[in-house]
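Asks: The lines below spell out each chain.
Number of protein chains: 2
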Amino acid sequence: MLNLLGYNYIAGGRSAAGCVELHSVDACTGETLPYRFTQATPDEVDAAAQAAEAAFPAYRSLPPERRAAFLDAIAEEIDLLDDTFVALVCRETALPAARIKGERARTSNQMRLFAQVLRRGEWLGARIDRAQPERQPLPRVDLRQCRVGVGPVAVFGASNFPLAFSTAGGDTAAALAAGCPVVFKAHSGHMATAECVADAIVRAAQRTGMPDGTFNMIFGGGVGEQLVKHPAIQAVGFTGSLKGGRALCDMAAARPQPIPVFAEMSSINPVVLLPGALEQRGETVATELTASVVQGCGQFCTNPGLVVGIRSPAFSQFAEQLAARMADQPAQTMLNAGTLHSYAQGVAALQALAGVRHLAGRPQQGRQAQPQLFQADAALLLAGNERLQEEVFGPCTVLIEVADPLELRRVVQALQGQLTATLISEPGDLAAFAWLVPELERKAGRLLLNGYPTGVEVCDAMVHGGPYPATSDARGTSVGTLAIDRFLRPVCYQNYPDELLPAALQDANPLGIMRLVDGEVSRAVISRG
Amino acid sequence: MLNLLGYNYIAGGRSAAGCVELHSVDACTGETLPYRFTQATPDEVDAAAQAAEAAFPAYRSLPPERRAAFLDAIAEEIDLLDDTFVALVCRETALPAARIKGERARTSNQMRLFAQVLRRGEWLGARIDRAQPERQPLPRVDLRQCRVGVGPVAVFGASNFPLAFSTAGGDTAAALAAGCPVVFKAHSGHMATAECVADAIVRAAQRTGMPDGTFNMIFGGGVGEQLVKHPAIQAVGFTGSLKGGRALCDMAAARPQPIPVFAEMSSINPVVLLPGALEQRGETVATELTASVVQGCGQFCTNPGLVVGIRSPAFSQFAEQLAARMADQPAQTMLNAGTLHSYAQGVAALQALAGVRHLAGRPQQGRQAQPQLFQADAALLLAGNERLQEEVFGPCTVLIEVADPLELRRVVQALQGQLTATLISEPGDLAAFAWLVPELERKAGRLLLNGYPTGVEVCDAMVHGGPYPATSDARGTSVGTLAIDRFLRPVCYQNYPDELLPAALQDANPLGIMRLVDGEVSRAVISRG
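One line per chain: the protein sequences are A and B, in this order.
For what it's worth, the working numbering labels the leading residue of the first sequence as 6, then goes sequentially.
For what it's worth, the working numbering labels the leading residue of the second sequence as 6, then goes sequentially.
Simulated from the structure, these hints should not be mistaken for lab results.
The C-beta atom is built at its ideal place from N, Cα and C for all residues, glycine as well.
Possibly wrong hints are sitting among the right ones.
[Claimed, not checked] Here chain A is said to cover these stretches of chain B; the calculated rule only asks that three of the stretch's residues, wherever they fall, bring their Cβ under 8 angstroms from a Cβ of chain A: (1) 129–142; (2) 148–158; (3) 260–270; (4) 333–346; (5) 394–404; (6) 500–510; (7) 520–529.
[Said to hold, decoys possible] Here are a few chain A residues that face chain B, going by a calculated C-beta distance under 10 angstroms: (8) Val417; (9) Ala419; (10) Gly470.
Take these sequences, add in the hints, and give me the full structure.
Replies: Structure (structure tokens):
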């Protein structure tokens with residue numbers, strides 16, 4: 006058994022001034038684990054936000070290389086988390102050890118990728134317009150722009166990725182890379198995991214000499230509201246439910262100083278099956294799609310929750326094959342009792358809808374989630390039924406048969422915003438259905454062809470975002486290197502001498518980065534006019 | 006006299022279904038001008054937003070060169086607006102002809118600059134991560150990202166720049182460049198001007214074959230609220246008061262689908278006078294600063310409204326010189342009666358504050374604005390007085406004397422968010438006061454050294470933005486080419502064949518743009534793995 010204090014992480018120290026105790030729970034048995042955590046008091050929430058604010062001036066002023074070394078050190082510390090840790094995460098989340106080991110590597114590689122971003126320098130958005138003293142009718146002064154961190158960021162992690170989307174997950178990595186200290190609200194579903202990861206971050210911060218308060222973590226229910234309202238907090242990263250995310254957005258918008266909230270919330274990730282593909286390989290698609298729906302007990306933001314095809318004998322056959330495969334899938338344990346409860350409610354709500362038929366799945370009962378397949382009338386979606394487009398988080402999907410390509414278009418147009426939209430097609434389909442691509446571009450942040458949306462690559466080109474309600478701001482992504490943009494703002498320096506400019510904007514280009522100089526992208530050293 | 010219809014611009018046509026008539030007014034005399042405008046009815050507001058939505062799929066899909074040609078054509082049409090037009094703008098705004106001619110050139114050049122941005126291609130944010138089929142433990146699929154317009158944009162222009170920040174101003178240019186159709190709410194202070202400019206845009210749209218509904222304009226009071234709440238509108242650009250901007254932000258945040266509002270609102274643009282500069286050239290600074298305060302009757306977002314210096318004989322002398330010069334400044338006519346009324350109220354409110362002394366300026370009365378200089382106790386600002394930091398739009402500024410560098414730091418830290426922050430200094434000052442730069446970076450979007458904030462260059466490096474309440478989102482700018490970013494969102498294509506990809510992401514790089522390919526910036530043609 007690990008020795009965990011269960012205290013809040015504030016300004017490089019530990020604090021437990023409160024008297025509300027929280028317990029970690031075995032996700033499979035519901036048994037209380039021998040780890041206790043002390044909920045942050047209002048004073049401690051304040052202290053954590055103040056600590057982040059106090060750290061901000063020094064942390065943001067560090068050379069990018071120093072912050073990169075910090076992220077690399079976090080990656081090393083995460084890689085060192087051993088099998089005892091993996092077993093602990095498994096107990097708290099019911100996720101299998103192989104998955105947790107993979108996620109550990111994903112989490113450390115994500116930190117390393119942001120370290121690369123810091124060294125590469127495009128994140129600085131350096132732009133230089135040199136003086137034109139001779140310009141008529143008015144001279145132009147020297148103007149230079151680069152980006153700086155927005156300030157302390159509050160991060161709310163996800164239950165379903167206890168490592169990659171949590172304490173040291175993508176939002177934390179992006180904020181720390183941007184020069185923004187973090188106050189992390191530990192997820193109630195994996196508090197012991199959060200403590201081990203926070204310890205790893207703190208060790209890395211100490212090894213690399215980061216200011217105290219660069220990373221803070223608080224435990225507790227309800228502490229998030231105070232955090233989002235705290236004047237020191239300048240942006241929020243969140244992954245979770247639509248209800249929870251929207252509540253944070255509303256709070257942030259109502260502050261005396263409104264702040265941006267980047268909430269990744271609700272998506273049913275439509276999969277459109279084109280006729281040629283159903284003809285050629287309907288059975289394979291049924292197998293692959295089933296695997297995607299039930300993978301990880303369906304506990305993915307990108308789980309395919311809606312499958313649309315055009316009426317045909319091939320579609321009918323596919324529907325039967327999909328139903329047969331879904332009926333064969335075993336029940337699985339979910340992340341926690343709350344998730345299972347929500348899943349049961351979601352399944353019951355679908356089942357109760359007029360125009361929805363149950364195609365496969367054992368009755369939802371007991372301590373595990375039963376995979377479910379439904380079929381809904383296209384008319385229900387076209388009539389704007391909101392329940393049908395609400396994410397049911399778990400191993401469940403809804404099939405829709407449309408009459409023809411025209412109805413397909415109307416169904417696609419009736420969709421809400423999504424994280425992903427997938428086309429399953431043969432080359433022959435694409436000529437006839439090319440119009441689908443611009444329609445889907447309007448609906449989703451990531452468009453897939455002949456793949457399945459579960460599995461999100463962490464890279465430069467990834468977009469894990471999309472129009473509302475998939476996220477609160479379609480202009481952001483919470484996976485991939487573009488995620489850093491959410492926590493940066495531009496600053497312009499007019500007529501500043503080299504010695505007062507950030508390194509990114511100095512004549513000699515000491516960081517060796519790409520810059521937009523007088524309208525041309527270059528790494529050149531420049532001189533003044 | 007120009008022949009103006011006064012009808013709303015909807016989907017390439019004109020419409021006047023309502024019965025509320027609005028009149029254009031001579032800004033100098035208050036006399037009603039012979040131009041009538043018909044307020045848009047709720048149906049017309051709806052039709053304008055629907056027209057923008059209907060145009061969006063075709064407009065956003067145009068090759069960037071086509072949109073660039075459109076912007077160039079708008080520029081040409083604006084340059085053709087003649088002296089009759091200039092005289093009309095002068096009558097509606099009381100601004101002098103030379104200023105309006107300069108603004109005309111600025112407005113057309115702004116359009117041309119965004120045309121260049123479209124041709125240059127960095128705005129597309131193209132990123133390509135090629136497939137790595139051999140990667141262990143899992144292969145990587147081909148992932149490519151570029152940016153697309155967010156959808157129809159509602160734009161609210163400013164009274165003080167009837168051309169450059171209005172109908173065909175920076176927000177309109179940025180939105181049109183991004184591929185977003187615009188619904189412009191004509192400013193009530195220059196409706197005839199707005200009609201002439203809208204005609205120029207419509208002529209350009211027709212010449213270059215843009216879809217109907219790419220640009221729409223509605224007249225009227227109160228129509229803005231319906232516009233911001235319209236489901237077709239996906240973002241808002243606004244320049245105006247804090248009260249008006251914040252109201253739009255609150256409305257947009259409360260929509261079923263919240264949308265971003267980029268509101269440029271309230272800034273007092275602090276100027277910090279360092280000791281060496283006061284010693285060396287206090288009298289020159291007093292002259293230059295006075296000119297900046299009263300330029301254009303102080304009707305600039307970047308008007309210097311707060312001047313801070315450290316107690317010294319040189320500062321006292323400077324204060325006397327500044328007061329003498331301010332006392333000499335003539336009254337000027339403001340943009341309209343509402344602006345004058347607000348100015349008189351703002352001046353009276355400052356005058357009524359305990360801790361504020363009146364240093365110069367004739368009593369504010371009559372039809373013109375009297376330049377005013379006040380001095381406020383530093384303690385008032387340090388105590389968090391909000392009135393002292395409220396923008397008084399007009400030829401008015403407030404002097405603050407601080408005891409020492411420590412108090413200077415506290416005053417700077419107590420400032421709200423600003424568009425600009427200026428240092429007036431000699432080289433010898435900078436060593437002792439280098440700590441000011443990072444403090445000011447947190448407060449403002451643009452930092453100036455030995456210049457005056459009025460006069461905003463339209464270029465790549467400009468930031469006309471800043472922390473709240475200067476704007477609603479410090480991550481944007483409303484002047485300069487970075488303004489396009491506000492209206493773009495990223496989309497990722499996974500495993501897409503070349504023929505379905507946007508040109509920006511195709512292997513052959515047909516647009517010849519800079520792209521981030523496997524982590525390296527290049528214009529290279531690429532091949533697939």
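Asks: Would you mind marking each hint as holding or not holding in the structure?
Replies: Cross-check of the supplied hints:
| no. | hint | in the structure |
| --- | --- | --- |
| 1 | 129–142 | holds (count 5) |
| 2 | 148–158 | holds (count 6) |
| 3 | 260–270 | holds (count 3) |
| 4 | 333–346 | violated (count 0) |
| 5 | 394–404 | violated (count 0) |
| 6 | 500–510 | holds (count 5) |
| 7 | 520–529 | holds (count 3) |
| 8 | Val417 | violated (13 angstroms) |
| 9 | Ala419 | violated (13 angstroms) |
| 10 | Gly470 | holds (7 angstroms) |
This entry does not satisfy hints 4, 5, 8, 9, going by the numbered hints stated previously.
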